[in-house]
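K.L.:
Line by line, the protein sequences are chains Y and U. Under this note's numbering, residues 14 to 439 are what the first sequence spells out, in order. Under this note's numbering, residues 86 to 283 are what the second sequence spells out, in order.
Calculated from the structure, these hints are not laboratory results. The reader is advised that the hints may include incorrect statements.
Unchecked claim - Have a look at the derived ranges for each label pair, beta carbon to beta carbon:
no., chain 1, residue 1, chain 2, residue 2, range
1, Y, Ala431, U, Ser258, 28 to 36 Å
2, U, Pro175, Y, Arg39, 51 to 59 Å
3, Y, Thr35, U, Pro149, 32 to 40 Å
Unchecked claim - Where chain Y lies over chain U, by a calculated footprint (3+ residues, C-beta under 8 Å):
no., segment
4, 138-152
5, 200-207
6, 268-281
Glycine included, every Cβ here is placed at the ideal spot set by N, Cα and C.
Each chain, written out:
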Amino acid sequence: MNDRIPGFGTLAVHAGAQPDPTTGARATPIYQTTSFVFNDADHAASLFGLQSFGNIYTRITNPTTAVLEERVAALEGGTAALAVASGHAAQLVVFQQLLQPGDEFIASRKLYGGSINQFSHAFKSFGWNVVWADPDDVPSFERAVTDKTKAIFIESIANPAGSITDIEAVAAVARKAGVPLIVDNTLATPYLIKPIDHGADIVVHSLTKFLGGHGNSLGGIIVDAGTFDWSKGNKYPVLSEPRPEYHGIKLQETFGNFAFAIACRVLGLRDLGPALSPFNAFLIQTGIETLPLRMQRHSDNAKAVAEWLSAHPKVAAVNYSGLSDNRYHTLARKYAPKGAGAVFTFSLKGGYDAGVSLVSNLKLFSHLANVGDTRSLVIHPASTTHSQLDDEAKTRSGAGPDVVRLSVGIEDKEDLIADLEQALNA
Amino acid sequence: MNHDSYNDAYIREILNTVKTVAMVGASPQNVRPSYFVFKYLAERGYDMIPINPGQVGKSLLGKPFVASLQEIGRPVDMIDIFRSAEHVMPIVDIALTLDPLPKVVWMQLGVRHDEAAAKLEAAGIKVVMNRCPKIEYGRLSSEIQWMGVNSRTLSSKRAPIPTQGMRLSLNRSSLGGGSTAAADRVAQQNNKDKNDTA
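Just chain U, same shape as in the assembly:
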């Protein structure tokens, strides 16, 4: 599938259906994006599992760190990869040994690995790359609009009041895709340039 841009329906379905999320590369440092994405998703009701071999024995917001995906010991719906692209393939190879398989592998903003994506998709696993689930959740719920961000969604229904632990409705009507036409165009071009050089 096309990973330069995603339909909102695709992202919405993932965020509406996954419950258990293992975050590979979760950081205990509260200024790292992995920390506050972990925290946000936990506050929105996801069952979060922090994966970081260097932090085993400690916990993140009350959730004990786990050394690797194999050691979680229960099924996960989604793996959120907070590692740079060169670390992706080994993580994906482990993900493909899990039983049951995860339904979704999500790679963070700035992380893209087309070969890994093809491998996952061949096993029936949905893939999202170069996106942030916190930004996407905030966008589809329009919560991110507080920062002046174009949510690319409209709604004539009363907005929810976000409170701790509450799932927000992501079912606003979408304006044709996850990002703007211009931003998509550039993402596509950048990826093409990268592949041409490679």
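Next comes chain Y alone, as it looks inside the complex:
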């Protein structure tokens, strides 16, 4: 009954979850079912018409997944969230609500390579045109704005180089342009950075990474900040105009400050179909219960490893914004004071060959294409995640040929440093 605001750790454990109404089960049950029975024809009709709260079919809502959604919405400080099958699916669903064929959106050049591909190629076939801007030169976003611009997209901590984006400065550009700012907060998680506090209107995640945290489940999520007025200037007809598939309901009028999340669910997810498995939702929300503990440990370990590497004679450079000589250190201290995350890159004096040799000699770090696992991970982006980019784009996104990326896990840092030492000396 009180209005005490619980801390992040309490929300990570409790938000969205409540003992099961029928059994009293304290852990959230896995509702592994495709469908839910209707009370009667009238109940069915009112559910289909978005007039009642309730479940119809797991492609649209599921009680296990709903717990995950509310939990991430609470941790990010948003009004609502929608979980989907992957981070890529989250981006697809978000942009489908915002863009009509021929529209543009502005995206940071420094993104996960998979996002660069999705925006450059897959989205092009829908007539959605990406315009690139440089996160280290915020006015480049402003210069890219046209009357077709419908959104701005950045990563809070950029993959792979771990650079920090000045979210508030880009948010100011978005506000001036009258478009929403979308922030991919995957590498930071809300434990390190809460983009909504800095002006983001929509937050997306690959849940696969630090939120799930154990490298066992794919997932993605969209968080609605509840901050954007979709009715201005008829720029977002999906939100402001009557929807023919729901008998003329206007989503913003009906759902207010969580209308965007509803649009993503009842239009995007319903019609495109990338639903999250309830089992994955269960594993991911179990992971989130320990997010604050893991994320602090990930960051502390990463800092120790980065410091050790930067003193190593074979290392040419370490790009970790948690180091005081890094060009992003001031931004890191402002946006991520608890730690600069666990993903960063470094380059070796021996170039490409030394990088390949390091990766093959590591015994504890796993060579694979993921980040945000409890286990420490290593990859050579130029030959893997960013291999489909041309050389210029590779270098621009921080994935040049001599670059090795680490995702530092939650093992003992002494063991991680010992592994790197033996591999560098091998």
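Dock chain U against chain Y, hints included.
P.N.:
Just chain U, lined up with the frame of chain Y:
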């Protein structure tokens, strides 16, 4: 009082205590929000009265339409205004002639009229603006969580199974207010911008 954001305690007390609700602008069309808010509140046990002069002689879910607030003929606890802001003041003026006065005047999502609110509050009537009672009831009971909405409440007690006509417990512990800090901030700014232009 501040109408940019509301404490959960304020909303909870209203939803827990009012029984009779007159809805001004109730629509017989089942795709209009007024229709399904009316239906939801009736299902949750509120004594609902539909007000719409164009529908007199017909009824809404078994409740006969009434032409105006004066013609209800019995006391109402709450008036829910489903009309846009420019229609609010005349409705409020009528509400202030009722005897006994209503305890609460609630204006729907998107409807805000600070002058009308001040007038009502001066007469001791509680005011809620730019909110939906269905959303607030769903939020405080956590029923709305099924749609991925942040209820801003926590509970370690077994959840109720909602059934037709059942009142849900709204007594979950609240996280400091009806909306998120970011959404509140924007609401406040928008209202300030509106007043500055006016």
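K.L.:
All hints, please: hold or fail.
P.N.:
Each hint, compared with the structure:
Between Ala431/Y and Ser258/U, the C-beta spacing of about 47 Å breaks the proposed range 28 to 36 Å. Between Pro175/U and Arg39/Y the Cβ separation comes to about 53 Å, which falls inside the hinted range of 51 to 59 Å. Range check, Thr35/Y to Pro149/U: Cβ separation about 38 Å, and the 32 to 40 Å hint holds. Closer than 8 Å: that is the beta-carbon criterion, and the segment 138-152 of chain U has 0 residues meeting it against chain Y, so the requirement of 3 is violated.
Given as covered by chain Y, the segment 200-207 of chain U fails the check, having 0 residues with a CB less than 8 Å from a CB of that chain where 3 are the minimum. Counting residues of the segment 268-281 of chain U whose CB falls under 8 Å from any CB of chain Y gives 5; the rule of at least 3 is met.
Of the numbered hints given earlier, the model fails hints 1, 4 and 5; all others are met.
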